[in-house]
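J.: Chain A is fixed; fit chain B onto it per the hints.
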Amino acid sequence: MRKMILAVAVATTVPFMLSMSGCAFDVIHVEQTTAKLETSSACGQDFRLVEAVEIRLTGGYSRSLKKDTRWNCVGTIEQGHVYRTKDQILTVEASNIYEAYIVISDNKLVGFYLPVEHSFSPLKDPLPLTIEKSTQSKTKDE
Amino acid sequence: MRMAIKSFATILFTLFIVGCASGPKYSEISPSISEVTPDKGRIYIYRTALLGAAIQPEVKLNGEVVGKAVPNGFFYVDRKPGDYKITTSTEVDRHLSLLLDKGETRYVRLNIGMGFFVGHVYPELVEKDVGEKEIQKCSYSGNK
Numbered sequence: 001m002r003k004m005i006l007a008v009a010v011a012t013t014v015p016f017m018l019s020m021s022g023c024a025f026d027v028i029h030v031e032q033t034t035a036k037l038e039t040s041s042a043c044g045q046d047f048r049l050v051e052a053v054e055i056r057l058t059g060g061y062s063r064s065l066k067k068d069t070r071w072n073c074v075g076t077i078e079q080g081h082v083y084r085t086k087d088q089i090l091t092v093e094a095s096n097i098y099e100a101y102i103v104i105s106d107n108k109l110v111g112f113y114l115p116v117e118h119s120f121s122p123l124k125d126p127l128p129l130t131i132e133k134s135t136q137s138k139t140k141d142e
Numbered sequence: 001m002r003m004a005i006k007s008f009a010t011i012l013f014t015l016f017i018v019g020c021a022s023g024p025k026y027s028e029i030s031p032s033i034s035e036v037t038p039d040k041g042r043i044y045i046y047r048t049a050l051l052g053a054a055i056q057p058e059v060k061l062n063g064e065v066v067g068k069a070v071p072n073g074f075f076y077v078d079r080k081p082g083d084y085k086i087t088t089s090t091e092v093d094r095h096l097s098l099l100l101d102k103g104e105t106r107y108v109r110l111n112i113g114m115g116f117f118v119g120h121v122y123p124e125l126v127e128k129d130v131g132e133k134e135i136q137k138c139s140y141s142g143n144k
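So the protein lines, in turn, are chains A and B.
Start counting the first sequence at 1; every next residue gets the next number (my numbering).
Start counting the second sequence at 1; every next residue gets the next number (my numbering).
Each hint should be verified, as a subset may be incorrect.
Claimed, not checked - Going by beta-carbon spacing under 7 angstroms, a handful of chain A positions derived as facing chain B:
(1) I89
(2) T91
(3) N96
(4) I97
(5) Y98
(6) E99
(7) P115
(8) V116
Unchecked claim - Every beta carbon over 12 angstroms from chain A, so not counted as near; a handful from chain B, in silico:
(9) C20
(10) P24
(11) K25
(12) P31
(13) V36
(14) D39
(15) K40
(16) A49
(17) G52
(18) E58
(19) V66
(20) G82
(21) H95
Note that these hints are calculated values from the structure, not bench results.
A virtual CB, placed ideally from N, CA and C, is assigned to each residue, including glycine.
If we strip away everything but chain A, and leave its shape as in the complex, we get:
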């Protein structure tokens, strides 16, 4: 009888543990859609961020774009122009962490381009940015 109880306990506990370890802490995902970065098409003008911006990501994480960071356009995707900076690290975080560039359309931050995944991750609510467009000739990073 004791053996029977033990067998039942093992038979129920092992699948439970496996299912928990497989998904319990992997429930927050970064929403992504495949995006093709066009580097040959007309790019947006480089700019300096005049005011810092706080961004709320899905899943409760937050990120900030620092004041005075300089952003260079590296290409265009369907959702807008893609900008990269060397002045700060920017990542998008959920269960995993992804290095990210920002995507701007009509002077609003609409989401992130994930260069390793080649995908676009949208912001729920686009954020207006206060920027100062660069008057210098543009240098491309990519």
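T.: Okay, now just chain B, sitting in the frame of chain A:
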């Protein structure tokens, strides 16, 4: 009862000591670390957290084991420019994706997060000035 507590404390202490990196500190050996060659970039991977010292998963770079998440330990890898994924596995996989440019040095800190059965180790890309400061007290744990 006292004996049991003593034994438990001794085991914990031993695990703690054994679990920490024991190589030379970064601040001591940094002058002797060769500079990255111009055609490559460097990624420093380090762990400052002592919490969960017994949890020391392997660290993989694009699927290849390059080191272990040893508390107070660091190691580095030089790689050609490109896309990289750094992964640690405990009860779940956690990864960080990043780009590496020529001549660039990047710092990845291995943090400890809460888990269901065991803590999770997850890699986080940190600013260069933060990485340079935090790695000073870490000891070289070697690759693989």
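J.: Work down the list of hints and note, for each, if the structure agrees.
T.: How the hints compare with the structure:
no., hint, result
1, I89, "5 angstroms, holds"
2, T91, "6 angstroms, holds"
3, N96, "5 angstroms, holds"
4, I97, "5 angstroms, holds"
5, Y98, "5 angstroms, holds"
6, E99, "5 angstroms, holds"
7, P115, "6 angstroms, holds"
8, V116, "4 angstroms, holds"
9, C20, "25 angstroms, holds"
10, P24, "28 angstroms, holds"
11, K25, "25 angstroms, holds"
12, P31, "26 angstroms, holds"
13, V36, "17 angstroms, holds"
14, D39, "18 angstroms, holds"
15, K40, "18 angstroms, holds"
16, A49, "16 angstroms, holds"
17, G52, "14 angstroms, holds"
18, E58, "17 angstroms, holds"
19, V66, "17 angstroms, holds"
20, G82, "9 angstroms, violated"
21, H95, "5 angstroms, violated"
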